[in-house]
Amino acid sequence: MSILVIAEHDNAELKGATLNTIAAAKAMGGDIDVLVAGAGCGAVGEAAAKIEGVNKVLVADNAAYEHQLAENVAKLVADLGKDYSHILAPATTTGKNMLPRVAALLDVQPISDIIAVESADTFKRPIYAGNVIATVQSSDAIKVITVRTTAFDAVPAEGGSAAVESVDIADDAGVSSFVGEELAVSDRPELTSARVVISGGRGMQNGDNFEMLYKLADKLGAAVGASRAAVDAGFVPNDMQVGQTGKIVAPDLYIAVGISGAIQHLAGMKDSKVIVAINKDEEAPIFSVADYGLVADLFEAVPELETKL
Amino acid sequence: MKVLVAVKRVVDYNVKVRPKADGSDVDTANVKMSINPFCEIAVEEAVRLKEKGVVSEIVAVSMGPKQCQEQIRTALALGADRGILVETDAELQPLAVAKCLKALVDKEEPQMVIMGKQSIDGDNNQTGQMLGALTGMGQGTFASEVTVEGESVKVTREIDGGLQTVELKLPAIVTTDLRLNEPRYASLPNIMKAKKKPLDTTNPEELGVDITPRTKTLKVEPPAERQAGVKVADVAELVEKLKNEAKVI
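As given, the protein sequences belong to chains A and B, one line each in that order. What the first sequence shows, in this note's numbering, is residues 32 to 340, in sequence order. What the second sequence shows, in this note's numbering, is residues 171 to 419, in sequence order.
Chain A extracted, bound-state conformation (with noise of 0.2 Å):
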């Protein structure tokens, strides 16, 4: 058995997901190789060779592949994943917009978003927005994944040595571009790794509110989130919205205000360690999963719990 896994990065930093990828692929067990495609990514290829249980890194480094295209990553992949048992990327926009068209040209039915590995053929799902976890078998002579980052710890990034080779495949599939990208620039921590989320629903009432919640988060090193309520109402981009559409998070803190409790909402955060909600609605479903409930007025606890703090 071997495994190929697909590494998450921007050219110049490998990112975490990656190392719970990896973790995931441990758990199948076999060799792991890492597939790190991209345009003028050496480092990132050094990176990946460092990673703990890591058997060989082949870096890609063609202009074909600097966005992260699809179109081109796919037809690598494919042709590279053909030699191994198992291709795995992580459940991030990038993994899921590549990998189904992976499986598609090795004739595979992926499976998308394992939370537990059971056996190397075998995985557990969350479907319905995580209100049923399936246990599902591939028959599939090659197994094509995609791995939920937060089920699965990450390996130590330090401590392997493995061989770099890089891949001399320069596929361009001439349908796609990339025209422009808006990044959400912040120095706070990346939503899906931070320790501790602060996330704010309509409750919130606007976009200006917010700026309670992102003084807390500076006192406490947190990254922002948001319901879908409080993306839809235009109150924050859609970068930061938790839920089963949005980003799934599992911090050792968690804490949700003006926030109601959708089904929606907490399939996005309910693996979180501790769960404190502040709503003032006390029937809020919010409160069913929190650790901690506080029924108070946002506009009153949140600057409170900031200067105690």
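Possibly wrong hints are sitting among the right ones.
Heads up, simulated DSSO-like pairs for lysine-lysine below, C-alpha to C-alpha not over 27 Å straight-line [as the list claims (entries may be wrong)]: (1) B:Lys172 to B:Lys367; (2) A:Lys301 to B:Lys190; (3) A:Lys339 to A:Lys311; (4) B:Lys386 to A:Lys57; (5) A:Lys311 to B:Lys417; (6) A:Lys246 to B:Lys413; (7) B:Lys339 to B:Lys277.
No lab work stands behind these hints: they were computed from the structure. Here the structure is a predicted model, which means the values were calculated and not measured.
Mind docking chain B on chain A? Use the hints.
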């Protein structure tokens, strides 16, 4: 240009599903079924493109049992021109759906296929990407904005760090995210008109597609329940608990 829109029949998003007692599958007996919300957004986008004069014909496709006609009729009431049902009572996995769609794309030759990014039952988020691989078309997944410009389409995509825009040569595939648009409600006259619009029926055999499942669901179970904790009286008690009991700050 012609657009193909795929719509899926799923358990209504307001229904909280539960596993059957024997854990063999999800209990869907007597629950309300609807068009998948992401597919509804796909239909709306196609209709808006038609209203702008970019699109001339919208073909709505669904796959599954006979009752999927209801979801096709919904799409027709929203503005699609005709429907195709790929009828089967067998289990259809995303790869099989993508293969059936590929067969229909070969036949219909649309300039764009618009579909939801995922269905709210299986939560797979695969079919559009797989159709892309099978047809060789470019894919604009998780779209929040779609602009057709001559022989190409610009798609703004919701990605983890923010937004990304790609340009795809037509024909291309677009999968919809939540904020692409807000679907309209079908008016009563349009619902009546939809009943008269053409709806063809075919099946996977006719399309020459092998739909044999590749994965088997061994078990379904409820997720580990989280227990409700305690209510704290005030902020001071909250801080004390977080420091001394939970030890997270």
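Failing hints, ascending?
-> Violated hints: none; all satisfied.
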